[in-house]
Each structure stands twice: as C-alpha cells, then as structure tokens.
Amino acid sequence: MEIELLEKRINIWYLSSLIISIIVAIPVVVISSSFFENTSEYSIILRETFLLDYIFNSLILLIGVLSLTSVIGIGCAYLISFYDFTGANFFKWALILSFAIPAYIYSYSLSAFFENYGTAYSILRGIFGEGNHNLYIPKLDGMLGAIIAISFSIFGYVYVLTRVSFHYQSQNLIDLGKNLGFSKKKTFLKIILPAARPSIVAGLSLVAMETLSDFGSVSFFGVSTLTTGIYNAWIAFDDLTLANRLSFYLLIFIFGLLILENISRQKAQYHSPSKDSLKTKNKIKLYGYKSAFAFIFCFLVFFISFIFPVVQMGYWTYLFPKYLFELNLINLLSNTLILVFFSCSLLIAFGILSNYGNRITKSKFLQILTTFSISGYAMPGIILAVAYITFISYLDENLLQLKNYNIKSLFIGSIFGLILVYFIRFYSLANNGIKAGYLKINYSIDESAYLLGYSKIKTFNKIHLPYLKNSIFLVIILLSIEIVKELPITLIMRPFNFDTFATTAYAYASQDLLEAAAAPAIMLILISSAFILITSKLILKDQQ
Amino acid sequence: MKNYFEINNVTFAASKKNKVDNVSLKIENEGDTICLLGPSGIGKTTILRTIAGLEKIKSGSIILNGKTISSETIHVEPENRNISLSFQDNSLFPHYNVIDNIKFGVDRNKRKTKKIHLDDVIEFLHLENIKFKYPHQISSGEGQRASLARSLLSMPNLLLLDEPLSNIDQNFKEEIQVKLKQILREYKITTIIVTHDSYEAFYLGNKCGIILNSQLKQYDDPYNLHHFPNSIEVVNFLNKGTLIPATVIDEKSLENKDLGLIKGDFIKHYPKGSKVKLLLQPEDLEHDDKSNLKLDVVDRKFRGTNFIYTLKTQSDLLIQVFVHSHHIHQHDIDEKFGIKKPIHIDHIVCFD
Amino acid sequence: MKKLLVIYCFLYFFANSIFANEVNVFTSRHYDSDVQLYEKFTSITGIKVNVISGEDAALEKRMIEEGNDSKADLYITADAGRLGLFDKKDMFQNSISTIIKSKVPENFRSENWTAIAKRARIIFYAKERVSKDEIKNLRYEDLSKPNWKNRITIRQSNSVYNQSLVASLISNNGIVKTEEWVKGFVNNFARDPQDNDRAQILAVASGEADITIANTYYYALMLSGQKGKDQQEAAKKVTPFFPNQNDRGTHMNVSGAGVLKTSKNSENAIKLIEFLLTKESQEHIINNTFEYPIIENIEPNELIKNSNLGNNFRQDLETPVKEYSIYQAEALKLMLKAGWK
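Chains as they are written, first to last, in the working numbering: chain A, 1 to 544; chain B, 545 to 896; chain C, 897 to 1237.
Check each hint, because a few of them may be wrong.
As the list claims (entries may be wrong) - Cut-off 20 Å, straight-line C-alpha distance, at most; resulting in silico cross-link-like pairs (PhoX-like, lysine-lysine):
no., chain 1, residue 1, chain 2, residue 2
1, B, LYS821, A, LYS362
2, A, LYS456, B, LYS600
3, A, LYS458, B, LYS647
Stated by the list, open to error - To give an idea of the chain B side of the interface with chain A (calculated C-beta under 10 Å), a few residues:
no., residue
4, TYR640
5, ASP713
6, PRO815
Worth flagging that the hints you see were computed from the coordinates, not collected in a lab.
Glycine residues also receive a C-beta, built at the ideal position from the N, C-alpha and C atoms.
Construct the entire structure; sequences and hints are all you get.
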C-alpha cells in the first residue's frame, strides 16, 4: 500500500510542485529559525515601552484600512453592478486605475498636498491671499494619512473581486429578494453581500497582507506599527533575530485571520457561477439626486485614488521638468520591462506547472504546502529579501562549500537573484490567480479529454490553456503592475548601476526631493496605467 | 469462446462507503449492450470510471478484446484504452461550442472505416438548434445529448454511458432510446449503460446487471430478470411484483389464504407443505367480473394502454393487476373487483 | 554569433559586473550630485564606478552575507554611528591614506573610515515666539527645561540623526544625566514626533511649535526655492541657531566612506575617497547637498552664507564622531524608555 502510494505520487509533476513549494518556503524557514537564536536586550526594551503601542497601532491601521477599502471597494462595485447612472460605464474601468499608484507614491502626494506650506496652502494663498492657512488645512498625516494612502492605493483588489462576484450573481437570487418583499437595503445585506462574501474576503485578505507588511507608507507618515518594531530591532539594535521573530508573529497573525475566516464560512454554501448568472441583469436606472449621489461617490473615489496623486505628481513634473529630462528613460524602461518579462514568464510557467501537478497528483500534502506560499506576500519585502540573502549565504558557506563556484554572486546582486526573490514574493499571487481559473474547470472535463484519447500534455494544450487564457492574462497584468511598483526588494537585491522607476523615485524621495521623485513616479504610473488600460476589458470581462 | 469484454473478481471502490465487491461479468459479443441497474449512490459510476481507467484496481482483472487493461499490475492509461465515457453531469468543454465539442469525438474515429455521420447524430439527438451555443447557454438535457453525441461519434471500442438520458425531456426520451439502440447495433458499438430506470435498461440492454448492497446481485437478460429474479432484494428493487405468503400443495400448485389455489410450473422444487413467498406479477392475474373472488380497489392508474389496479385482500395484502384499457371499467376506489379463479402462473417463482 | 549572445545573456543575468578597472560602491546617499562626481572620477582616472544605492541597513546586511564573495569595494553612508557599527563588525580595512589624514580632521574619521562631508544638527525657532533671553547661549541641554513645555517638535526616535545626537550627549554628559535630559525633553514636545526635518521646520513656521532641532541642509533646500515659493517664504519665518557655542560646539554628523576588508579594488576605492576630498569635489558636494565641507578653505555656498548658516560657527570638535556608534543603541533605549515615539 505504502509503496504503491509512493509510486503513484513520485513523478515529475509531484517533484516540480514540491521544489517550487520548497523555494517559496525559504523565507519562512529562515525567519522561524530565529527562535533558535538569542535576541538582544531590545526585546525587553520593546516589551517595556512600545510593544503594545505598536500592536495597537497595527490593529488600528488594519481595521482602518479594511473598513475604508470595504466601504469604497464594495460601495463602488455595488453601485456599478446594480445601477445605471451617469458615468457608470466610465467608472467601471476608471476605478481600476488606482492599481497604478503605489502606496508610497500616494503617501508622497498626500504629504506634499496637506503639509504645512504644501500645495493646499499654495492654493488657499492663491485664492485668499496671505495668511496662515495652515491652520485650516486638515493634517492628513500620521495614522490618518497612512490609512488613506494605503486604502486608496489598494482598494482596487476589493473593488475588482467584488464586482466580478456581483456580476456572477444570479438574477434569480436578486428576484428572490424582491419576491420575499425585501427592501433594496435588505436585499443587499441579506442576499447580495453574503453571496459575494468569498470574493470580498479574498480581496480584503490581500489588503490585510499588504497593510501589515507595508513599511513605505507607515514609516513615511511616522506611524509606529509592528513593522516599525521590526525595523528598529534590525536597524537600530542590529538584532535581526528579533526582527525575524516579530515578522514570524505577523505571519502567524495573518494565517490566523485566514484560518478563522475559513472556519467561519465552511458551513455555508456559496454560489458558483451558474448558467442564469450570465443573463444580463436588469440594472436599475437612477434619476435625480440618487443618480447624482452615485456619480459623486464614484467620482470622489476615482478623484482621490487616481486624479489627485497624478495631478500632484504631474504638477511637480511640470514645475521641475529638468528631472524628467534627466531621467534615462530608455534604460529605466528597459530595466523595468526586462524584470517584468522574465519574472512574469517564470511565475506563470511555474504557477501553471504547480497547479497542473496538483491537479494530476491530487496530493493533499502538496495542496497544503502551496497554501503556505502566501507567506511571501504577507511579510515585509525587505525581511523577505534579507531572509533570502541569509539563506543563500548559509547554503554557500555551510552546505555546498564549492571552492570554484561562486554561488553567492550568482544568487545575490544579479538580475537572476532579483527575479528569484520576486518569484518568492509574488508566487502566491500567480498561483492563486491560476488556481482560480482552474477551479472553474471541472475535473470531469479532464477525464472526458483523456477518454477522447487526449494525452495529459494534449489535454493541457487543447483544453486547459484556452480556458485559462483569461486568468493567465489577468495574472500577468497584476504581476506586471506589482513588479513595476516593487521597491524594497529591488533596492537590496539589484546589481550595480541598475535602476527602475521605483528605485529612482525612492532615491529622490529619500533626499526629501519629492518634487524630483515626481518625474519617475509619473512615469511609473503611466506604465502601470498602460498595462491596466490595455487589459481593462479583460479584468472586467465577465469570464465564462 | 472468447468474450469481448470481461470483468473478473474486481472490487470497485471509490471510497469505503461506496464500493461494489468482487464483481465478475462478461460481454460475449462485440456490439452487445449491457445495462447496470441499481439505486443511486451505490457505486455504479465508480464501475464505469474504473473500466474507463480513471480509477485503478487492486485485484482481479478487466479484459477488453483479449487485452488486459486493468489488473493489480497493469494499468492502461485512459487515453490509450479507446473507451469513451459520457458523464452524467455533462462534461462538455466550456470554451468550445456544441458542434466543436462534438467534433472532438469525430477526431478520434478518423481511423475507422465505417463512420457514424456527424449530421445523422445531430439530427437524431435534436442538436440542430444548439449547434453554435456554448455549454453555459444550454440546458442540462441538451448538454447530455451533446455529450452523448460526442461519445458516440468517437466510436470507441467500449462505450460507457452514465445515466445518459436522465435529464432529457420525456417526449424526446423514447425516440432517442430507439435511435440509440439502432445506432449501437448498426455500428456494433459495445456499450455499458448505467441507469436507475429499469424500463430503459430492459429496452436497451441485451443483458442487465442489478447492483444492490455492494454486490452484483443478478446479471441476466431482461426477460429472466423480470420473470426469474434470484432474490427478494431484486424483486423489491424492480418493484414490479408482490410477494405473498403461500403454502405448497403439490408439484403443480400452492395456496394462499385470500386468493385460493394458484397453479403453474415451479422453477425450483419445494416439498409439500412448505411455507413460501410467492412472486405475483401484475400480468399473472386476470380480471373477471363474474368471479366470486372479489377484492377491494385501493387505487387505479390509467396508463393509456392499460389500467393498473391496486387491490387489497382480506388480510391486507396489496396486489396489482393489469387490465387492457379498451375494457370499460367502472371499478372505482372502494368498489369490488373480480379476479378469475383459479389463478394460473406460467413460472412459479418462490422464495423461502 | 549565437554563442556570443548566449554568453552575453549569461553575463547579463548572473554577473555583477565585468570590467576590470573599476570600483564598486554601495551607498545610502542617493544624491544625483554624487553620481556626477563618480562620472567625473571615471573621466579623469579611467576607473569605472559601479553603484548600488539603498537603505543603509539593507546594504550592510547584503555585504555581510556576501562575505568574501562581495563585490563591494567602498561603502558610503550618511551617519557616523552606522559607519562605526559597521566597522565594529570588522567589515572595513585600514584605508586612511596619508592624503586623507592630511585633509580630514582627526575627530571626523577613524582608523578605517573617513568623513567626506559634514552635517550640523541645529536649532530652528520662531523669532516672534521665542524671546531673546531664551535663545541666548542656548545649549541642547537646555531644551529639557520646563520653559519649553509644549513648544518643541522633532522627528521620531528611529531617526538615526536623533540617535547620534543623543549619543553625543551621552558621550559628553553620561548616561544618567542624559536619561534625565531625554525625559524632560520628551515632556516638552508640542506634538507627537512625525515626519522629516523639513516638516519640523515648517511646523515651527506655521505655529504648531516654537522650536525644533533639524539638519541645516533641509532648511537650505527650502531657502533655495527648490520646494516652491511658499516654503521658501515659510523658511524665512524661522531662524536658525547654532547651540552650544560657548562650550563644546554644535553637534556634527558626517557622511563617510570606508573601504571594505574584502575589497578587490581597494586602491581604486582609496583613490575615489581621495578624489571626493579634493577641493573641486567638496565644492560640488556643498553646492548641491548643502552639507558642510570636510576640508579646509572651502568657500561656503552663497545661499548658506547669506542665511547665517556659514562656516563660522563653533563645531563640536571635542566629541569624536566615531564615538556615536558606541552609544547609539543606548541612546535609542533611553529615548524609547522616555516615550519618544
């Protein structure tokens, strides 16, 4: 029995899935190994001073961001999916543009606008003349600033996923609500929202992971969260062990949240796209103040999330055009595109390989293993990169000890190494995106193909690939945007003389030259927006 | 003589609950159709999946056309068996339209000399109107028909159909059954059909197997199954007759308290005076208004060609009787109904 | 042809650099002006300068883990404490050439690294709200006094500049006194620590606080008009003040450089440091970053001179900057314990 099981499972698919899972698990292994090492006195100081503050702030930040993204993400998705009002078709895709703005660039814009003597002050002075207008400008900094910056730059996850789910919702379900005499509010709360829960939760969990692992925005706004603790431990107290332990707790917390959610919804059965869900829904036409309200709501979200940072960055680029002309555009663009191209190829190829392997081997063990791949996305990028470097160094010095072969320079500070860390970071995004596509293909479809004489490879080419095409395309776009925006990993892993738009923007911002950072930032936004616009139809497309 | 298809001592198991033990059955000739009958959830689908090669077996063997395709050590991959399985929930490829889906089947039969024509299949399965629709745009019955078309057109060495007509509208169903039978015979496609509909099974199958309580209870031709069921379970499952207590009188007759003397030839010998359960089929009784054996009418079903009366004896036995429908009947519920005496049955089937 | 392409691709993806006559720089200074200097260096010496910039701790970790295989030759960062800490891990080699020794005052270098530019962390205040008496002869030490209650703004404790400042206080006044000072100082905060130094100066301008401690170049940046007219005007509302002029002098920090122990191009690296210490380079640095020159006889930038930020103040030459690394962790401990966010 045992032998037979082994025979059945150990094949090329199983092995490749296993290897991917192990690579992706490197950072978790490294940071959990911190429990075998000693920490500095900072762990005591931290506990005596700000640990509770940090945890409290992290929670406030998390709750704030989750609430805000829920309201704007679900709100927009609801209005656009179920109502017909002025601009609805425009907002449908325009709201996705928020993906193009990284949280750190949003933070720059927010701070530049609302700071003392910032852009808002200039506007007020232009209108009202001299005076200390600073007193009347809301201070969108600190916790509030961080919540706003993070929320408006990542609410797109909630919006897109919820909208797709709403779109698939059966008209029958909605008619049922009417039939039962529910008010619109009750239909929304009792039928529409619960039915979309898995998608909403999927969106919110991405938001939660990004929020908890964010360092750019919180450090920019000076909000002391657990990531501050992680940084202080590492940078000021030179205690990477403690930093790793804290990251590990953060991971456990995120896993805890995900598991809790899983348990809580396990019993309920959720809709799967059924035939009648594709019927065009009868959108309710809005008139008068209701239409105006819907328009204003969506417009505000669009304005705040996209127009505002673009205008702020554009304004500076206009004021200081020399920074734009000084950019080595071709070099930056080719660097960015090379990273995007190779990372995406690698991620997609292995994402497919692993999903296909899991599908064929049906191994529970592999499936559980791949769910851990989410850890790459859930820990701060810098901690992940450092864990990777630590691992490579350990591997080279303790395990391999190849005298003539320089493992380290192969894996650290090369484009290959950089792409490999991207791989670890974004693998769960690729894997889950493709998995979502695969979940829609019933397993009996595969069996039918085998029975029609199709080999496994041919089944993949002829049946899976055409069906997965849209999912894969969508994943490529998401990955591309993430990679264009990625900062901390690129900073530490990159080779000599290698810059991207993100690192250039950061370099200026870190010298307090936000106005110079605007030029690379606006280029970054342009590229991401281009990616989004090319495919907006696809993202919104109502896949079968 | 060599059998076309054999299952020898195979236990089919998808899970611990859902298994069929130690099955052996044969299909003698190429082109024969057999049907497997049984209540749902008993593991009929697992049998088909195993034959198709989607599940492996741990003991016994499955032999198709002289070649072992499954055994403890041999497992021919499904794609190399040339066995086609049409799933109960149709498994059309969602991103191809109906006609393209069906053409997947055609691709496979390219090497065959005698081919089923695509247009014929489309016609007899009434697929003309949905040819260019996508699977999500058609009903489940339409999907089943398209799936059936795909399987048929692949002209496999063995065709496996899992409840192929379960979702199909009643008005198409009989017509499709007839055409299906014709095509299977004409092109000599050996077929195993799983169904829970005994009429369908008896119509389509050269032989039928009854699967009950994790066992293949009886594997025989439809006539024998009906007339000579080998166990009480089979009788109960087919639900065509009633078992009534009777006492053996001599080698040609027995007696029931309510119905009196019953004559006929015993299938199996019982000693005089044995207490047995006699299988009484609806066609065994004959109506006779003049008879003094009067029973109460409990229910009357009008089936077009005939009536089915349910009658109650004095000791509360319920029995059924067929009566041709041209006979004018005024026997309403609670009225009396005469039965011709003495009752004569061709084959007396009794159980202990 | 094909082979060449393959080799090229291989090098592109796996190699760090391929030139022989080069020097590899890890730097946490992101100034464009630095890059211009490197280019100038290349054009003079023919030595190619390869650069990776990033956050100091991350760069340090990378170099440490790369170990003997590291390509890094020179590490440049903007805090004496960090340089000292890195040195303590035995990462630098003795690279202080006689030229460097002759140009850089002793308290701005160690045996293994040297400053390339100076920074002053000084006081900025609002004239209309801070009386002449209060500001007269002001020392850092005075800011813990109760008359400053709810009047001070400063950035967070995780700012390395603040840590170095407190480290210098510990170095001069001892732990016990400094701990008391930090408590009093934190007690005088007008708002929660947040944002960078420029924001502190703007907060004083707008009236959120009366006094702050910030690095001079942030102020100069605003005065230069780079931050727009409004911030230029705002900066003028705030007056810079050099504290501790009657005792040890104003707290100084440095941008510095050191040659790595594992450097394969150490001669080139030393050449680059020496180049950065030439008159032309120093002028280039101060005119772009508004830092202070590390060598003698450099005319300050016009802007600096005109806004009373010139060279003619008393710098703290008693506290060697290399000592900051000794007390930095202790400093942060005191700051955190006092509730300095």
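Hinted contact PRO815/B with chain A - closest CB pair below 10 Å
For PRO815/B, the interface hint is violated, since the closest Cβ of chain A sits about 50 Å away, which is over 10 Å.
Hinted pair LYS821/B and LYS362/A, Cα distance within 20 Å:
Violated, at about 50 Å.
Does LYS647/B lie within 20 Å of LYS458/A when you go C-alpha to C-alpha?
holds, 16 Å
Per the CB criterion, is TYR640/B less than 10 Å away from chain A?
holds, 8 Å
LYS456/A and LYS600/B were given as a pair; does the straight-line alpha-carbon distance stay at or below 20 Å?
Holds, at roughly 17 Å.
Would the hint on ASP713/B stand, with a C-beta cut-off of 10 Å toward chain A?
This hint is violated: ASP713/B lies away from chain A, its Cβ roughly 17 Å from the closest one there, beyond 10 Å.
Comparing the model with each earlier hint shows violations of hints 1, 5 and 6; every other hint is respected.
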